[in-house]
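Trainee: For the protein sequence lines, the chains are A and B, in the order given. Going by my numbering, the letters in the first sequence line up with residues 1 to 670, in that order. Going by my numbering, the letters in the second sequence line up with residues 1 to 670, in that order.
There is no bait here: all hints are sound.
In this list, chains with the same sequence are indistinguishable; a pair is considered to hold if it fits within one copy or across any two.
Within a straight-line C-alpha distance of at most 30 angstroms, the following computed BS3-like cross-link-like pairs (lysine-lysine) qualify:
| hint | residue 1 | residue 2 |
| --- | --- | --- |
| 1 | 282 | 369 |
| 2 | 562 | 542 |
| 3 | 369 | 357 |
| 4 | 448 | 530 |
| 5 | 448 | 506 |
| 6 | 83 | 650 |
| 7 | 650 | 141 |
| 8 | 66 | 649 |
| 9 | 357 | 607 |
| 10 | 660 | 141 |
| 11 | 530 | 490 |
| 12 | 341 | 506 |
| 13 | 66 | 644 |
| 14 | 282 | 324 |
| 15 | 589 | 530 |
| 16 | 223 | 85 |
| 17 | 277 | 324 |
| 18 | 448 | 324 |
| 19 | 223 | 644 |
| 20 | 558 | 341 |
| 21 | 223 | 649 |
| 22 | 448 | 490 |
| 23 | 649 | 141 |
| 24 | 448 | 341 |
| 25 | 115 | 54 |
| 26 | 589 | 448 |
| 27 | 562 | 607 |
| 28 | 660 | 223 |
| 29 | 341 | 530 |
Just so you know, these hints were derived from the structure itself, not from any lab. These figures come from a predicted structure and were not determined experimentally.
Protein chains: 2
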Amino acid sequence: MAWWKVSSAGRDVNPDLGSERECPSFNVETLTNILDEGAEETRLRRAIVSAIIKDPVFSREFLYFKTRAERYEGAVRNSIHIKKKLKEMGWEENGREFAYIVRAVGGEIGFNIHKLFLTTISALGTDEQISKWLPLGNSYKIFGTYAQTELGHGTNLRGLETTATFDPSTQEFIIDTPQITATKWWPGDLGKTCTHAVVLAQLYSNGKKYGMHPFIVQVRSLKDHSPLPGISVGDIGPKMSFENIDNGYLIMRNIRVPRENMLSRYSQVLPDGSYVKRGSDKINYFTMIAVRVGMLREEVLEALTKACTISVRYSAVRRQSELKPGDREPKILDYQTQQQKLLPLVATCYSIHFTGKYVAKFFNDVSGKIRKENFSLLPELHALTAGMKAFATEMCSNGVEICRKACGGHGYSLYSGIPSLYTGVTASCTYEGENTVLHLQVARFLLKCFAGAQSGTPIPTSTAYLSSPPASGCHARTPADFLNPEVYLKAYEYRAYSLVTSAANKMQNLVQSGSEQYAAWNGTSVELVKTSIAHAHLLTVKIFISALNLASDHPEIKVVLKRLCDLYALHGIFTSAGDFLHHGYLSGKQLDMATTAYLGLLAELRKDAVLLVDAFDYTDDELLSAIGTYDGNVYHNLLEWAQKNPENKKVNPVFETYLKPCIQSNPSKL
Amino acid sequence: MAWWKVSSAGRDVNPDLGSERECPSFNVETLTNILDEGAEETRLRRAIVSAIIKDPVFSREFLYFKTRAERYEGAVRNSIHIKKKLKEMGWEENGREFAYIVRAVGGEIGFNIHKLFLTTISALGTDEQISKWLPLGNSYKIFGTYAQTELGHGTNLRGLETTATFDPSTQEFIIDTPQITATKWWPGDLGKTCTHAVVLAQLYSNGKKYGMHPFIVQVRSLKDHSPLPGISVGDIGPKMSFENIDNGYLIMRNIRVPRENMLSRYSQVLPDGSYVKRGSDKINYFTMIAVRVGMLREEVLEALTKACTISVRYSAVRRQSELKPGDREPKILDYQTQQQKLLPLVATCYSIHFTGKYVAKFFNDVSGKIRKENFSLLPELHALTAGMKAFATEMCSNGVEICRKACGGHGYSLYSGIPSLYTGVTASCTYEGENTVLHLQVARFLLKCFAGAQSGTPIPTSTAYLSSPPASGCHARTPADFLNPEVYLKAYEYRAYSLVTSAANKMQNLVQSGSEQYAAWNGTSVELVKTSIAHAHLLTVKIFISALNLASDHPEIKVVLKRLCDLYALHGIFTSAGDFLHHGYLSGKQLDMATTAYLGLLAELRKDAVLLVDAFDYTDDELLSAIGTYDGNVYHNLLEWAQKNPENKKVNPVFETYLKPCIQSNPSKL
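My request is simple: use the sequences and hints to build the entire structure.
Mentor: Shown next as structure tokens:
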């Protein structure tokens, strides 16, 4: 009877959201299938997500109230239950099924670095080492971690200080943390879980230093989990997010491990202490690239697609202020400023989606070649994955935060689901290669390609635009001209080309006027970062244009994807206008035309906004958002969730302790 | 003996940080005094901070481990203890002393909205109401809140739905929440603390609607704190931050309050239900402005100055990668890319500091006039405070996050102190007026001033640049020319002028081609927001230039402040280059010169970076950062804090429950 006793069962869709779906300009299901690369894949994904969500063990109810300890315990419980589930359902542990499971449980799993521990052994261990350690790890007889980063050392592997000194008298390595900065720091599963670790350490043998190598070290007892003698290990404490992960620290004082514990596929220490290297360990480097490929879609893009789904739906329900005098408060999605916040981000989701697929395909192609010992494409693959990792993590993190703020006060509540998306995804700007460092690596690659092009050496396809100066001015004469992909693609090529040439010239000038090479590099690095961003931006535009062909059989979908592609490209021109105006490629008038075209697209795409996020196909359980549910019952959800809050069921203990003594001292007549 | 048993007592300053302070180009203490506006104020601030920090009741140890319930209890305890402390020390409750106390306890206090409850009664109550309610509130016999925002309504006050209907038969108002969207939502101190609320509601009397008015409503029993009949009240749940605040919801079903509970200084309902208005309630509007003035310095700027202190110090200690081949890893502060992240933010701290002082002074001047019923400067004051609130909250929030990311992995640990600064300060973009809404209000003011200037009406000083078109091109011929404040000030004036005129023209064209006024406004709003930002940016540059005079007696400080001012201005040109190039005010070559000047300043200011943040004068206890302490013992702190983690002292219960059964089932021979 009372309207504020709400129930989520059998609710009608909020008419404000329902009306957005009434006259769709395209079939949402078809678009979902295109994103999934086939209807069959959509079906499989839904089946897995639904099976997981039905299972009460995986329930995420009250997640936003849980302490770190509870989140950690839940993640471990989930992981162990998933193992059972995989067997029961006949799903593959290392296939796409697992990715869908992770999606369904919202990332609340443990043993992530245990997995990396096993991958590392597979990649770097001998057959003998693999056959000893893999079964133990796979059956959870041991739990591992991968201990690389140190308290004082991150990106620069050569700077790591942990040592492994071979003692031929006992045929052991002595693993040691020589000073505080060498403390292993950050590995997941290390803080409270693992029994073993692959430890990266500087190898010394017969007084000679051989650089970083991996060693298997046991850190905790299998009997009672206590740290082994000489080991100091623990959790590094609370972080901005990742409550479910026990990132840890590890100090090792002269820990002895047998000679066989050095992973020896590519290099080995013989009993007499002599060091043997065999084959190329470029493959090692390749593992890092694989991680970057995977994270694009599974961690980074997922955060932005969820945030867009939530904020676009909310913006179709929320009504605020006045537009036309006397009219009802409009939906906030009808404000141009709101469209300008959200719609370019929806376009970014599609852009990064297609980019992620493109990068994965390129990675697979190169993997095939590498397996045949052909490493020729490795530099391009490295530049592509490093640049896209840096570009996409920045775009997606910033984008999630824009979505959150676009939901006003309710976006600040954990119930909106967006704060935790942000505090999680922003870490991706730092891990797996800090973004600025990566951009500078890409810039080095670009300068090399540019120098190659100057001297007539063949250069990688992705940098073909560096081979000759682009046309010197844009030919657009109307706003509509800017809806031509050739027009904006050329503008992006010009921008990237001019930034690369400017940076190369500056470097050269500095060196010619007496700077040392390293100082010239450092003095140009702000501009070098810009070249890498412009290059990555160009690639994403190019990839998006090509992806339009995926919808060739569905003209009405092609229309909307083309609009998204246009919006994505023109938004970049609008927000980085300086780069396009700088050398006169665009005139001020042409920038005005591009802006007109851009703002026109906002109005066009506003109509499809809800459908475009519906196509990401998240269930309410996956979103875990009071303001982003499919039915748009925003206010009922918020109130219901607040009323469910366990804190609201208790008497406030602070009343007795602090408030009552004030109120009732010398009581008033109230 | 063991090096990893660390103690913070009597530690030496890390030489990497010490060396930064060895040959200071200016006296840090003098700069601190200038920021404090006098040595006497520095002394007072330090005395208060030191007294608070010494008091064990206020200890913030383990803050990063506390649950929401513990943070809330701590905040209440602090507030009650502060009351005692004020008496004991003879400090003023409403003066600067209180601001320093809040700074010293890091904002961990409660009863913030209780304060607003009392301010509101003072401002809007009759003398009789004031003398009844204020003593009760001041002595904590009752606790109040201010309930305005509703679940479905934020910025637009006219949209609020709570009703107050006068019943002449009982001489009472009936306060009612007519539907779910009218649920009061967000007020602090409402969730678990308050006994009373000032409720904003639509007044109805004799069937007529009179708009929003404030009513005092009791919500909880003074005896046992239980909600009164007809009241449903509770906490709205966890947020991105503000763990210590019990933001709440409130539903009222036909609650009756006596006629005297309507705050009646400016309007009253007489016993027969007739409505009387007396005097102007513009003063009400004025309270909102006062809040915005206060938050600039106390909430928003504080977050950025702390984040800069932490990240600059850390960057002088952290060594990473390689710059000059063969050399030791350099301090990351020596990388141009790191300087480009942090130094413009240090400059922004100084800019917003002087802007905050300027706004406060303007506010005080206008207050004086308003007390004499002269409201002529109110529109300019509103535009100034709205624009600066939106501009500064955005700059500071984004800046804190840049600082955090610039600290790499350690920036992601709560121990760095920066994550909680960000999750706190970002809320300021939304509360006290959502930034986009505020920018549009300022834009409306700017268009009005522009139209006034066109028709010869006098316009406010802050918009004087709109009165005539600025010179059409910049005269700079060398990078050094861009170190002339006149040069960049003119560029900023040109930018703001051209954006205002473009937006005005676009509006006019749209209306002339048949758009309705409201649609033309909406269709121009993306550009209108840009005009407000450019206007605010211009004002901050102008204010910074004037502030250089504060250091007239200290030439060496004037030099460094001048560099900061230059950097602040040129960074804006570098990052918003499009606006300056668009209409040809700067040529591409001139932009290159500005960039050269800008990058040169980074190298200059790098030398003073640590001193410039030392001048903000935060104690280690205030910063609560393992990586930002004055002595730079970053790694010792991190390890020490991790080892102190209560979780690390316990046996991991997950081992017994989940891990052991796996490890010991069918045990291996390991």
